[in-house]
Every structure is written in C-alpha cells, then in structure tokens.
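Visitor: Next come the chains, spelled out residue by residue.
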Amino acid sequence: MAEDAFEAVVATHHAEIHRYLARVTGRAGDADDLSQETFLRAFRAHRQLPPGANVRAWLFTIATNLSRNYFRGETRRRRAHLAASTDGPVTDAGWPEGEALLSEASARVDRIIAGLPHKQRLAFTMRKIHQLDYEAIGASLDCSAESARAHVFQALRKIRRGLDDLATVQTEPSP
Amino acid sequence: MNRMPPMCREIEPDLLAVATGEAAPARAEVVEAHVSRCAPCRDELRQYRAIEGLVADLRRAPLAAADPTLARAQLESRLADLKTRLVSFGVFSSPLGPILIARSEQGVSMVEYLPSETAARSRLARLAGANAVEDEAGTEGLFRDVLDYLGGRRTRFEWSLDLRWARSDFQRRVLDATSRLPYGAVTSYAHIARDIGVPTATRAVAQALRWNPVPIAIPCHRVIGSSGDLTGYAGSKVSLKQQLLALEGVPVAVGGAGRVERRAMYVRYLAEAEYCVPTCGVLATTPLSELTLFGSRERAEAIGLAPCTSCRPDLHPIPA
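In the order they appear, the protein sequences are chains A and B.
Letter by letter, the first sequence follows residues 7 to 181 in the numbering used here.
Letter by letter, the second sequence follows residues 67 to 386 in the numbering used here.
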C-alpha cells in the first residue's frame with residue numbers, strides 16, 4: 007500500500023473507528039487519543055499488510071487492542087482511586103451522548119452496554135453497532151468466531167435481563 | 067431462566083439467533099414451530115427482536131459528544147511528522163555478511179554491517195527521533211542494487227541519501243567529498259582533508275569516515291592511509307575493505323592490514339584532466355594527499371581523463 011493510499015484509509019475509516027472507541031471507552035477524549043494511536047500504528051505497519059487484506063477489520067483489531075490496554079489501565083486507576091477515596095465507589099456517569107435523541111429504552115440499552123464486561127462490550131459493539139462479521143470480531147478479540155458470537159449473545163441476554171425491570175419494552179423500533 | 071422447561075432452555079440460543087437474523091433456516095423452522103406452541107418463548111423472541119430495534123436506533127443515533135474532527139486534524143499533523151521521522155529498514159544476508167539497509171522518505175539513511183541477522187544491535191536505535199520500522203519489501207530494491215554492485219554489474223548507486231543523522235557539518239562535508247570518488251579509484255584521508263579545505267584534519271576525516279552512515283554507497287573504502295595502507299574500515303572490518311577494493315580492480319598486496327600497490331596504479335595529480343603512469347615525472351615521490359590512483363586505464367578514462375601526453379599510458383601501459 008502506497009503512502010497516499012494511507013491518506014485514503016484515514017479518510018475512509020477514521021470517523022468510524024473514533025465512534026467505536028468513543029462508545030467502548032465511554033469518553034470522547036479517550037476516543038480522540040486512541041483513534042490517533044490506532045492510525046499511527048496502522049501507518050507504521052501497513053506496508054506489511056498483504057494485498058487485499060480487510061483494512062477495516064484490521065483497524066478494528068488495532069483499536070480493540072488499544073482499548074483493552076486502556077481498560078486495563080482504567081481498572082487500575084479506578085482501584086487506586088477507590089482505595090484512596092473515603093466517599094465510596096465513584097459512580098460512572100457513563101456515556102454522555104445525545105441521549106435526548108434516543109428513546110428511553112434505547113438510552114437504557116446504551117447504559118447496559120456501557121456496564122458490560124469489556125469483551126462482551128467490545129464484541130457487542132463491533133457486531134451490533136458496526137456490523138462486523140464474527141470472524142473479524144474473533145480476530146480482534148483473539149478468540150474464535152464461535153466465541154465472539156457467544157460474547158455477543160451473552161451481552162444480549164444481559165441487556166434482555168437489564169430491561170426486565172423496565173415496565174414495558176417498546177415492541178416497535180422507533181423509525 | 068433456569069426454571070425454563072428443558073425444551074425451552076435448549077432452544078434458547080437458536081431463539082437468539084432467530085431474533086438477530088443469524089439462524090440457519092432449519093433451526094429457524096424449529097424455533098418458529100416451538101414459539102407457536104410456547105407463549106413464554108414467544109414473548110422472549112418478541113423481546114429480543116425489540117432489543118434489535120433499540121440497538122438499530124443506537125446505531126443510527128449520532129454520538130453528539132464524540133466529534134472526530136479535532137482528533138482527525140491532530141492525526142493528520144502527527145502522521146505528517148511521523149512520515150518525516152519514519153525510517154524503514156531490512157536486514158539481508160549479503161556476500162559481505164548480514165547488512166541492514168534503512169531509508170526514510172528523503173533517501174537512504176543507513177547501510178550497516180551487522181554481527182548477526184538481526185537488527186537488535188543496530189546503530190539504528192541511535193538515530194535520535196527516528197522511528198524505525200522493519201520493511202523488507204520496501205528496502206529489497208536497495209539490497210538488489212548492493213548485490214548488483216557486489217556482483218560487478220553496477221559501478222554506482224543512483225540513491226538519494228538522507229544524511230540528517232550525520233554527526234556534524236564537518237562529517238557531511240567529508241561524506242560529500244568521499245561520495246565523489248570514482249569506482250576503481252583510491253585516495254588518502256589527507257587528500258579528502260585537503261579537498262574540504264582543512265588540510266590538517268586528516269585524523270578527523272578518518273574518524274568521520276569511520277562513522278560513515280552509508281558505507282558502500284558513500285565509498286569510504288576508497289580512502290586509504292597516506293602510506294598506501296588500508297588502515298581501517300567500519301571499525302575493524304578491514305578485510306571487507308580489501309574485498310571491495312579487489313572487486314573494483316584495485317591491486318592490494320595481502321599481508322598485514324593490506325596495502326594498495328601504488329606502483330601498479332595509474333595516477334591523477336590533484337584535479338588534472340590527464341592520468342599518468344606512476345613513474346611519470348616526480349609522481350613516484352609525490353605524497354598520496356595530492357593524488358588519486360586508478361586500478362586500470364579504463365577506470366581513469368571512465369571519468370573523462372585523457373592519457374598524459376608525456377608518459378603516454380595509452381602507448382606504454384603499466385606492465386601486468
């Protein structure tokens with residue numbers, strides 16, 4: 007892949023990778039940093055990419071790995087913070103997105119997703135928001151396509167249970 | 067969920083697959099048949115389908131707080147910076163042993179003889195601010211040029227060089243003067259010192275060439291001691307110098323560190339337009355700092371020199 011071809015890769019995929027990272031990290035600032043890091047790494051490595059490789063899936067893999075490192079650091083920070091804090095657990099405000107645009111039920115699903123274990127959140131977001139296939143998700147998470155699918159289904163079950171205590175779930179998706 | 071009847075429990079994964087549109091047709095039929103009889107599972111399926119709808123809403127909803135514009139602009143500028151610092155390299159096994167070739171977007175920045183087939187101990191790590199990335203495919207063409215040279219099929223390198231990591235302006239001047247030495251010719255460190263206008267800096271010239279970042283391409287092997295001794299090459303690789311000079315047709319007497327056989331070489335005095343036999347006039351006693359020696363008449367004529375009109379090397383060549 008030539009240098010200028012990489013410009014095209016940025017133009018085509020940056021917004022989506024940024025959105026993915028914003029969703030999985032829950033913070034726009036972290037999505038800014040991690041999306042840049044994703045593409046800088048991609049730039050260093052793109053010459054080794056075999057011709058015809060699925061660039062989009064490859065970028066998701068890099069972004070996913072970076073976000074998993076991020077989660078590891080985040081967990082450590084949170085633990086340290088909890089240990090130092092006398093106020094008890096900090097409540098994570100979660101993703102402050104344009105929730106006004108969403109129905110209450112969708113916003114609730116969004117919050118449940120934000121609370122899922124990392125792998126499930128990543129698998130679910132890749133599958134359901136970005137519609138990657140299970141092979142690509144498995145490659146990103148370093149597991150089989152079958153396990154990737156199991157993560158997604160497990161996430162669905164948790165969402166289903168999380169919605170249980172909501173009196174009614176809208177049966178019709180909003181337009 | 068655990069209180070579900072066994073049939074319902076068993077069918078649950080397929081039910082999810084139906085809800086997400088991923089079920090194989092045969093499994094979908096089984097699920098449809100089941101939910102037509104089982105009200106709780108029918109409700110489950112409805113709930114999961116509803117979730118699919120809610121997730122589709124999420125997919126379509128913009129992330130208001132996540133505007134990628136700024137990140138994209140920062141990325142573009144970091145990429146531009148990275149490109150100027152990016153050095154891609156390959157490690158190849160050559161007839162001279164393992165060598166590393168590195169290039170930036172400006173040109174070839176390093177040729178290095180390595181002790182083994184890995185870049186682990188390369189000087190590459192010492193290029194301040196450089197971002198080294200292995201890229202064998204991107205440097206293979208350069209290696210082929212080296213192989214062509216070592217095979218005698220090439221006498222010069224049409225490479226652009228990136229000497230940003232040279233140690234000083236002095237070193238750049240030394241490298242520049244050395245790069246003009248033609249194939250098959252030798253001269254002395256003192257001559258290079260004289261060329262760059264610092265005739266007393268012979269030792270500094272030798273040091274500058276010891277750290278030549280692109281040996282072979284900048285032919286520091288063509289620079290020898292004033293006595294004709296090969297002295298040194300790339301640290302302690304004087305045997306490589308001998309090999310390269312032999313390849314270019316420079317007669318080298320073996321034994322010790324090797325010595326160029328001055329009496330067997332054609333001579334150019336300073337920047338004269340002619341070349342002579344080594345016994346012409348006072349040339350035999352002229353210091354090497356004023357001479358360039360050629361392994362053959364062809365090599366001297368290849369750079370446009372004419373045979374001297376008094377010693378006539380064309381009529382009376384050096385006896386073989």
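Be careful, since some hints might not be right.
A short, non-exhaustive set of chain A residues, derived as facing chain B with CB atoms under 7 angstroms [stated by the list, open to error]: (1) V15; (2) T18; (3) A28; (4) A37; (5) R53; (6) L72; (7) Y76; (8) L108; (9) K125; (10) Q160; (11) K164; (12) I165; (13) G168.
In case anyone wonders, no lab produced these hints; they're calculated from the structure.
No residue lacks a Cβ here, since even glycine has one placed at the ideal position from N, Cα and C.
Visitor: Determine for every hint whether it applies to the structure shown.
Guide: We went through each hint and held it up to the structure:
1. The closest approach between the C-beta of V15 of chain A and any C-beta of chain B is roughly 11 angstroms, which is over the 7 angstroms cut-off, so the hint fails.
2. Residue-level restraint check for T18 of chain A is violated (minimum Cβ-Cβ distance to chain B is 12 angstroms; threshold 7 angstroms).
3. Contact between A28 of chain A and chain B, as hinted, is supported at the beta carbon level, the nearest pair being about 4 angstroms apart and thus within 7 angstroms.
4. Checking A37 of chain A against chain B by beta carbon gives a least distance of about 6 angstroms; that is within 7 angstroms, so the hint holds.
5. Below 7 angstroms, beta-carbon pairs count as interface contacts, and R53 of chain A has one with chain B at about 5 angstroms; its hint therefore holds.
6. With a cut of 7 angstroms, the hint placing L72 of chain A at the interface with chain B is violated, because the nearest CB-to-CB distance is about 13 angstroms.
7. The closest approach between the C-beta of Y76 of chain A and any C-beta of chain B is roughly 15 angstroms, which is over the 7 angstroms cut-off, so the hint fails.
8. Taking 7 angstroms as the C-beta contact cut-off toward chain B, the hint placing L108 of chain A at the interface holds, the least distance being around 5 angstroms.
9. At its closest, the beta carbon of K125 of chain A sits 18 angstroms from a beta carbon of chain B; the interface hint therefore is violated under the 7 angstroms criterion.
10. A cut of 7 angstroms between beta carbons decides the hint on Q160 of chain A: the least distance to chain B is about 10 angstroms, and the hint is violated.
11. Below 7 angstroms, beta-carbon pairs count as interface contacts, and K164 of chain A has none with chain B, the closest being about 11 angstroms; its hint is therefore violated.
12. Taking 7 angstroms as the C-beta contact cut-off toward chain B, the hint placing I165 of chain A at the interface holds, the least distance being around 6 angstroms.
13. For G168 of chain A, the interface hint is violated, since its Cβ never comes within 7 angstroms of a Cβ in chain B; the closest pair sits about 10 angstroms apart.
Hints 1, 2, 6, 7, 9, 10, 11 and 13 from the list above are not met by this structure, while the remaining hints are.
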